Amino acid sequence: MISAAYNFAYLDEQTKRMIRRAILKAVAIPGYQVPFASREMPMPYGWGTGGVQVTAAVLGPDDVLKVIDQGADDTTNAVAIRGFFEKTARVRTTTATAEATVIQTRHRIPEEPLTAGQILVYQVPIPEPLRFLEPRETETRKMHALTEYGLMHVKLYEDIARHGHIATTYAYPVHVAGRYVMDPSPIPKFDNPKMNDCEALQLFGAGREKRIYAIPPHTEVVSLDFEDHPFRVQEFAEPCALCGSTGVYLDEVILDDRGGRMFVCSDTDYCTSHRPSGPDDQSAAEWENAR
Amino acid sequence: MSLAPETGLDTAKGAAPAADADLPLLRVSGLSKFYGDRVGCRDVSLAVWPGEVLAIAGESGSGKTTLLNCLATRLTPTSGVVEYRMRDGSVRDLYRLSEAEQRLLMRTDWGFVHQNPIDGLRMNVSAGANVGERLMAVGARHYGKLRSEAERWLERVEIPASRIDDDPRAFSGGMRQRLQIARNLVTGPRLIFMDEPTGGLDVSVQARLLDLLRQLVADLGLAVVIVTHDLAVARLLSHRMMVMKGGEVIEEGLTDRILDDPREPYTQLLVSSILQV
Amino acid sequence: MYVAVKGGETAIRNAHRLVADKRRGDRSVPSISLDQIVNQLALAVDRVMAEGSLYDPELAALAIKQARGDMIEAIFLLRAFRTTAPRFGFSEPLDTSNMLVERRISATFKDLPGGQLLGPTFDYTHRLLDPELAGDAEIPAPELAEAGDGVMPRVTDLLGQEGLIEADADAGEEAETGDLTREPLSFPADRALRLQALARGDEGFLLSLGYSTQRGYARSHPFAGEIRLGEVEVMVEIPELGFTVSIGRIEVTECQMINQFKGSAKVPPQFTRGYGLVFGHAERKAMSMALVDRALRWRELGEEKTAPAQDEEFVLSHSDNVQATGFVEHLKLPHYVDFQAELELVRRMRAKHEAAVRDSAGQDESKAKQQEAAE
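Residue numbers (full-length UniProt numbering), protein chains in the order written: chain S, 1 to 291; chain A, 1 to 277; chain D, 1 to 375.
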């Protein structure tokens, strides 16, 4: 019987080298989807295998890793992935955004601005922004190669014609460095502006679809729109019920079956560090009681 | 309509300088297309001048659609040269253009009207988006302007502007065909290819469409290559015509001359069988 | 999400304990051994090896046990193990004409050199539940013939002598065969890569696609030229030695499907091939694979593409059950953030709609009032 002895951060060095090459190419051509020989990972496709492979390839023993899912460090999938790297790479982990050198995320960009030297690794389910307009890979690659992005605006045009505004709320397509149209992964469009001119390196891994792409630091990232229907982010009417922050993305928590609800920060680290008296403050306690 | 500057497109209608009117827009020499041993079309040469309508007539299987597709870079010919005079006046071999250039040409300076509008429309987006697509493809990014341009073109092809947000699925056959035409004309092309544009329509609808086409072609100074089996269509629309049989051009000349005084026995047969009904 | 903050880590730990408990089940029933799985659930083991792309019955049995009999989960476990294994090289092509044949049938010839050999098959059994199997009844030893002189030429080779069937494609000496597990699949894919993808593709998916070709969606008039099952030697060239050595035997099922082809301008009419090769005993999979392989060759054979089974991007992008199950099941993961965004949008649009309705109602009312006043 076998005894499984795995390499640092699970992947063998050959595989890591292959992934790093893809990452380098991706950094050199911002927004371009680089095909890579995605491996089967010990977690299901669609659960972050692309992000995990990218993280495994960039992680060194001195790195400090943070993993979030839906903005939170302790959602089950984030816990599982963090546990995976604690076990296979024995790296230090953290929940504090500022402390982390590598942050793997699913569906959010942390509220706290990222800084130079940090790497944000996104988990991507469908890397192709044109996929739902054109299902064929051969055709979408051609469209990217020839910069034929008219169809993308046809979709936005239709939104405005039907709803009076652009009805895409997440995975909102962006134009990277004036060349490639890119899917930012299913982050809410609220987070889109954070990608622009970001100090950190942003890497995107799609395991099932076998693609890696990147936004190097200080790259121009523009959300697609029309001149007379400019891109706008979501706004929340009330501040976070726990920490009182405004201008952050909020999750809605249903409190009872009588329509009671509250809005709290989706970024748990940000929320915790912005509470007037730590995590056990009054409003949190009130909420706990309310449950 | 403001277009992206890098496309270098001049959308002013009929912008060809007068001096260039003497030069052909499209010139074809020795074009053949074989499917294995079977002949699609053989050794065809022709030229189309700005503002001129050329009809290619013949029965089904005569090779006229093959020829049209070879001209429009939709089908690579086996041999022969197809040259096009670009907007900057340079003459280019179409099959030496990069795919990017071909595709840009297709959606800016050219139009292609399919017999079945379903092939030429996006059936799942609104009429407005259908008309606006080419403009967005070349960089138009102002929703309001796109809309007013779409409205203008819809009215121009006799579709009420109030139907701008309807899907083509909700349109009649004749309306769909007119929408397809509007969608092609919005970038101010100089050359339009048409494949039996009135083919699937009722006779009364055909007449109305032909009338509209004739008017648009004259107003916009379009050059047109139109494939038809219907000599009445050729008579109404075209200045010159070519008759094809078995993949070869057997007779060509001014449309009136051919229809009034066909020389080839086959043409005589066609003319007598169709026009005397 | 805040609710999950406290519970996440503990919940996962407890879930793992619970699944271990469920896996073991009633402790008074003896734990199933890997030997038992390898021997008595051999076809399950074969399927896991085939779609897990790893020939190791014991590991496959372990995967089945760990997955509680969930085949796709077991395949996934084996794949995840396989992916970390280093690649030392690749074997010579298997010589299936030198197979130690356990079963060999042809639907195209009544008799042929080497004969028909029914072997262990469910075919022609009556599908009646056998209560005796519920117990531990004595099973008589099988009747075994002496091994023949080993000459069992492939049916397709026999046809090939007359030129009645297309020759096996010759990739050429220098041609490099791609490796699906090392390079990302790109389209159009060559036949070798397509076959690799099909060989590890989901049996059910290929079965349905193969079936669809028989029902007219890219019909190819197939005949089961030959199906053979048995052990073949795996030969590997060792660069240091400069010659090939056998590294062992594996059991495979091979299906050569013979299909109609009208011929073209250049090629006289002849039969064409569809090919299937699968680890272990897996006839259904090998046959389905051969049908789909043939359907995917439409371009090369100048046929018209009309059906799903011919659509390379469609077939190859969706045949892998590990990918498919991951993506379908990822819908279980939290999507609060995106859902919140949609929720906000729908609320806003509904509010706008209500306002519009109110406005027009208001207008109607005022109109009605005006009318009343006018009257």
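Keep in mind that the hints were calculated from the coordinates and are not lab data. In this text the structure is predicted, and so the values were computed from the model without any measurement. Just so you know, not all the hints are guaranteed correct.
[As the list claims (entries may be wrong)] Computed list of lysine-lysine pairs in BS3-like fashion (alpha-carbon distance at most 27 Å, straight line):
#1 D:LYS352 / S:LYS87
#2 S:LYS142 / D:LYS305
#3 D:LYS22 / D:LYS332
#4 S:LYS87 / D:LYS305
#5 S:LYS155 / D:LYS352
#6 D:LYS22 / D:LYS65
#7 S:LYS87 / D:LYS65
#8 S:LYS87 / S:LYS142
#9 S:LYS155 / A:LYS145
#10 S:LYS142 / S:LYS155
#11 S:LYS25 / S:LYS142
#12 D:LYS352 / D:LYS65
#13 D:LYS305 / A:LYS145
[What the hints assert, rightly or not] Label pairs and their computed distance ranges (CB to CB):
#14 A:ASP93 / S:HIS163: 20 to 28 Å
#15 A:GLU99 / D:LYS332: 39 to 47 Å
#16 A:SER204 / S:PRO135: 37 to 45 Å
#17 D:GLU183 / S:ARG179: 20 to 28 Å
#18 A:PHE34 / D:ARG87: 44 to 52 Å
#19 D:GLU237 / S:ARG90: 45 to 53 Å
#20 S:ARG179 / D:GLU162: 33 to 41 Å
#21 D:PRO153 / S:GLU134: 31 to 39 Å
#22 A:ARG208 / D:GLY362: 51 to 59 Å
Glycine included, every Cβ here is placed at the ideal spot set by N, Cα and C.
Evaluation of the provided hints:
no. : hint                            : in the structure
1   : D:LYS352 / S:LYS87              : 51 Å, violated
2   : S:LYS142 / D:LYS305             : 21 Å, holds
3   : D:LYS22 / D:LYS332              : 21 Å, holds
4   : S:LYS87 / D:LYS305              : 50 Å, violated
5   : S:LYS155 / D:LYS352             : 22 Å, holds
6   : D:LYS22 / D:LYS65               : 12 Å, holds
7   : S:LYS87 / D:LYS65               : 24 Å, holds
8   : S:LYS87 / S:LYS142              : 42 Å, violated
9   : S:LYS155 / A:LYS145             : 17 Å, holds
10  : S:LYS142 / S:LYS155             : 19 Å, holds
11  : S:LYS25 / S:LYS142              : 19 Å, holds
12  : D:LYS352 / D:LYS65              : 56 Å, violated
13  : D:LYS305 / A:LYS145             : 41 Å, violated
14  : A:ASP93 / S:HIS163: 20 to 28 Å  : 47 Å, violated
15  : A:GLU99 / D:LYS332: 39 to 47 Å  : 43 Å, holds
16  : A:SER204 / S:PRO135: 37 to 45 Å : 39 Å, holds
17  : D:GLU183 / S:ARG179: 20 to 28 Å : 26 Å, holds
18  : A:PHE34 / D:ARG87: 44 to 52 Å   : 46 Å, holds
19  : D:GLU237 / S:ARG90: 45 to 53 Å  : 40 Å, violated
20  : S:ARG179 / D:GLU162: 33 to 41 Å : 58 Å, violated
21  : D:PRO153 / S:GLU134: 31 to 39 Å : 48 Å, violated
22  : A:ARG208 / D:GLY362: 51 to 59 Å : 43 Å, violated
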